[in-house]
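Colleague: What follows is each chain in one-letter form.
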Amino acid sequence: MSWLNENVLWLIPAAPLLACLWIVVAGQFIRREKAHQPVVLGLIIAWLCALYLLFSVVPSTFEHAGEHAAEAHDDHAADSHAAVGGAVKYFIYDWFHVGDGGVQPTSMSDDLARADAGGISARVELRADAMSALMLVMVTTVSLLVAIFASGYMQGDPGYPRFFGALSLFVFSMCMLVLASNFLLLFVFWEAVGLCSYLLIGFWFHKPSAAAAAKKAFVVNRIGDFGLILGIFLLWTTFGTLEFDRILADPSLIRQVVLTQPEIFTTICLLLFIGAVGKSAQFPLHVWLPDAMEGPTPVSALIHAATMVTAGVYLVARCAPLFMHSPFALQIVAGVGAATALIAAITALTQNDLKRVLAYSTVSQLGYMFMSLGAAGADPEHLMQPAVTYAMFHMFTHAFFKAVLFLSAGSVMHAMGDVIDMRRFSGLRTALPITWITFLAGALALAGVPLLSGFWSKDEILAVLHMAAQSETHGTYYTVILCIALLTALMTAFYTFRAYFLTFHGPEVFPPEAGHHPHDAPPAMAIPLYILGAAALLIGLATGPTHLYGHYLHHTPNMPAAPAHGPDWLMMMMSTILALGGIAGAYLVYGSHRGAAGVKDNASPLVKFSLNGLYLDELYLALVVKPLRSLAEVSEIFDRMIIDKIVDGVALIPGVVGSILRPIQNGLVQHYAFVMLLGLAAGMVWMLQSLTGSN
Amino acid sequence: MNDLVISDAVQQLNRAVGLIVPDVIVLATVCLMFFAAPFLVSERGEAPAGLRHRWGWLSLLSLLVAGYVWWGTSPQPVTTGPFRLDELTWFIRGVSLAFGAVLVLLTWNQADDARSAETQACLLSIIAGVNLVAAANDLVGIFIALELISVPTYLFLLLPRRDAPAQEATMKYFLLSIFSSGMLLFGMSYLYGSVGSTNLEAIYAALTAGRAHPMPILLVVAVMMMVAGLAFRLTAVPFHFYAPDVFQGAPNAAAAMLSFVPKVAGFVALYRVLAVPVEALDHWSLAQFSEPLLWWLAVLSMFVGNLLALLQTDIRRMLAFSSVSHAGYMLVGFVVGTATTGGPTGFEALLFYLVVYGAMTLGAFAVLGVLQRPDRRMESIEDLSGLSRNQPAIALLLTLFLFSLTGLPPTAGFLGKLNLFLAAWGTGSESGHWLAIWLAVNATIGAWYYLRVIGTMYLQPAPMAVTATDSNATPSYLAMGLCAIATLGLFAVPGWLWALIQHV
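Chains as they are written, first to last, in this note's numbering: chain A, 1 to 695; chain B, 1 to 504.
Next comes chain A alone, as it looks inside the complex (with noise of 0.2 angstroms):
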């Protein structure tokens, strides 16, 4: 048990990268119809081990950390307050370290002499504590129940290994990503984590639009990633380390660049979120996320819904010792993550295709989330931990119901014969049992019917919102944004249902590719769906109003502390009565639609622009594509005209040069030597006339 203890956090990354490893050297040549195989081995593996790091690894670092948590632990107000933990550290080896004259990398203070004495160290080693931990069950736990189901669905596909191998190859960086330690190791795996997501989009490749879809995902997640690199150069020539343990455990040294240097800490603090809200497909760089729907449902449903575009809201709640301190980004934040919110729940209502209204509905979500961590803004001292945990709590529900509606999703492709305009079917409730109630009982948590897992976690969200529009300071900016919260739980219960009722409800309604007796989800498919989809009932449940992972998380090391919230009726009430009312709306809009017919190709403008995303994608197109492709224009005549000119000048001093030097490389023994002792009487010349000079 002891050397599980201390190998279990490598563990959790290299199963699934030793079963990439496998699928790229054996596994696409023997066995190519198993390859799913050593990857559900290699997933259940680090889902184990997730789950004991869960449970005994990080909770044993809780007692000795937190002595006096102990006396106050009946006392529910104070708890949060005593709640400390540490964190389980596993150094792999020191990349590259230079400067340090001989200190071996073993402790922090040798870490600091470094930086002090200008050397430069870029430490791989992994880092976990609860908000790692929590993180990795939840990544772990949906890999594997998509793997599985990928297991069926991807069937007969030419590409199944380089799926299974790309799937994996993704878990690895995910774990890695979260399990890092310092920012420069998060930064690298952000870039895999977007490498595998580009390969997964672009599956099949041979489609102009899954080609198209890949390639605006990674030019999009540029602009982010660009911020993201600047945001740490930043850290690094501030606080010239970029150690998690270094950076945020240290409160006395971020108020020190705070009070000398606040412009540069706030831009460090954008700059960063920057990166999260490319990632995290938010307002305005959330239009590749949609597209990103062209690659196989359960990449959809693992990638861009329930693990990585979550990966923003991970970096901002990480960062939160930094972001606490400057309250201007975390309004930027609110206002982004309620901008963009709104948006998508505006766009998903009209959507026809069922995984885009899911999509938008997956940035729509995000966008609570970066409500929740902003909302802090208002009075970062007391917000900011329910803030960090609400929007941490809500990416965790969110996994779950989000992944099974992807999955239910992927189902009725399945059957359909991958058609999934929902103009083209309906009434697949007799058809698809099991995908029908997999997929009601997601639709029902994402809506946020009382007492399942989006209620609790959407709820306090509200909850956090509401107690930053009662600030003094900046009541007013953040009723808005409640205002908008509300208003967007109204239209994920009602675009939720509309999806719902126009799939599963009406006349049977079955479209040509589908062939006569669709079949429902076989076992492969169906066990994924019943565990997501009673995770999604039942997940919030357990770990909501009972506070356990609130608590839980508290024992993040360096998170602010604060006092605990009862719960706020106001906003659960309201949030009740908002969900029911989306969802009797639906119903009466859409409930008793007559077939595929009973949606009207509606043409008024409203709804064309909700169905085109706002006109988002055509807006870049003419405010940022067309003029940066003019400029381009104008470059490349520049470039033709004068630099290639300066180019092919620059290129003429070689020739010239070695014309000067060539003719003393001769091929004559006799001259060599010859210029050789003219090199040496000249040295020496030289160095008498110095050194007559100098006396």
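If you are wondering where the hints come from, they were derived from the structure by calculation, not from laboratory data. Keep in mind that this is a model prediction, so the values were computed, not measured. Note that the Cβ used here is the ideal one computed from N, Cα and C, for glycine as well. Take these hints with a grain of salt, some might be off.
Each pair of labels, with its calculated beta carbon distance range [to be verified]:
no.	chain 1	residue 1	chain 2	residue 2	range
1	B	Glu430	A	Ser659	31 to 37 angstroms
2	A	Pro663	B	Tyr154	46 to 52 angstroms
3	A	Gln261	B	Pro410	30 to 36 angstroms
4	A	Gly156	B	Arg376	50 to 56 angstroms
5	A	Ile264	B	Trp296	48 to 54 angstroms
6	B	Val493	A	Ile264	46 to 52 angstroms
7	B	His53	A	Gly156	35 to 41 angstroms
8	B	Trp296	A	Ser659	21 to 27 angstroms
9	A	Gln261	B	Val493	32 to 38 angstroms
10	B	Pro410	A	Ile646	30 to 36 angstroms
11	A	Asp648	B	Glu201	53 to 59 angstroms
12	B	Thr80	A	Val650	54 to 60 angstroms
13	A	Val480	B	Pro410	44 to 50 angstroms
Once you've looked at the hints, dock chain B against the given chain A.
Modeller: The following block gives chain B in isolation, referenced to the frame of chain A:
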């Protein structure tokens, strides 16, 4: 009484030999090979087929045993004896034994069965020579060790292939090498004249005490002559002229050896005679004189090497000029020395680069060694056209080595150049900054011709099938693989080598 003196002398001898056991093992193997080889070859120069494999194995075995012994030794405090075993000696010995094994693999099939014994024996004595340069504690010892490298090199250049180009190359190398040895010896005699001893420790002590103070001109002459003599080994401009001609004409393994081994020996010897580790701020230390001189040598070598490499069409000539420019990069580290605050010191960066350079340049030569055209030896860069289609794996490996020579990630060459740059920039002085800038500029120029080769391999059509030599290329492939592992491995996990270097 007499017995006591004798036993004392024996003890001293024992102690001295104890410091060079690995080198003794290698040299013993050399003697054995020279002695035994004639008995296995008939009067008409015919040898049983496959004899060269046995010599190859014997050489590897000898290096392995020497390496095993080396691993067991540890640095000893330096005395005034004839040899020393300090951290630098230990490190250089490890480097030369390791790369010696790679060179044995490259030489494996270069000479025919009848001459392979002598060829491998020459190589082994060259390796032993490098070790002894590092181990010598005396000017005379250094000189003799350097000659132990030079003299077998003349044979090594000629033995495998005795055609006209090889003869010409050998002749040029022979004449110029002797010339440079003369300069070195001349410089050493002046140093001896001014401080009155040939023992390194005694020289350091004399310089620290300022005993050479009244005769700065003698020291200037000594420094200049010794630098000129050693710069020939480093292929630093303007003492580099032999390199392109010799690389072009010599057998592949000999060119590979010349690109790396003399540099190791040259830098170690330069360090021993010039970078006098004088703790006191003595105005008359030799480093003081040599620094501006070496600054110019570094800049000239970088520029001349890179600019002339741009014009080459023969790949080996190009690599020769590239070797000149890399000597310049490494000289940057030498000039910076320990005058760095913060980042890596110049010597650390130099030693790191030396290892990295060995891996990448030997790897590149290993690739060239296995390629041949149907009609003749593979020579020009054009011959590599379309290699990516004929020999994708080999093209990929050559690309890796060229990337590393350029200094691009993910190869060790990137870290090597980065270290040198940081060291030069870290001096904080104007001359150090300029060195760093010229280094960066030259790295860019270098990218031009390295990437051109890669472009030729991947983008040009394949008019004539360049093939890998069909027979017996296994040792070369092995060498290639080792170099590739080192090139990638030192990028991914440079820490262990860095830790070793920091003990030096």
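Colleague: For each hint, tell me whether it holds in the structure or not.
Modeller: Consistency of the hints with the structure:
no. : hint                                         : verdict
1   : Glu430(B) with Ser659(A): 31 to 37 angstroms : holds (32 angstroms)
2   : Pro663(A) with Tyr154(B): 46 to 52 angstroms : violated (28 angstroms)
3   : Gln261(A) with Pro410(B): 30 to 36 angstroms : holds (35 angstroms)
4   : Gly156(A) with Arg376(B): 50 to 56 angstroms : holds (53 angstroms)
5   : Ile264(A) with Trp296(B): 48 to 54 angstroms : violated (42 angstroms)
6   : Val493(B) with Ile264(A): 46 to 52 angstroms : violated (35 angstroms)
7   : His53(B) with Gly156(A): 35 to 41 angstroms  : violated (52 angstroms)
8   : Trp296(B) with Ser659(A): 21 to 27 angstroms : holds (23 angstroms)
9   : Gln261(A) with Val493(B): 32 to 38 angstroms : holds (36 angstroms)
10  : Pro410(B) with Ile646(A): 30 to 36 angstroms : holds (32 angstroms)
11  : Asp648(A) with Glu201(B): 53 to 59 angstroms : holds (58 angstroms)
12  : Thr80(B) with Val650(A): 54 to 60 angstroms  : holds (55 angstroms)
13  : Val480(A) with Pro410(B): 44 to 50 angstroms : holds (49 angstroms)
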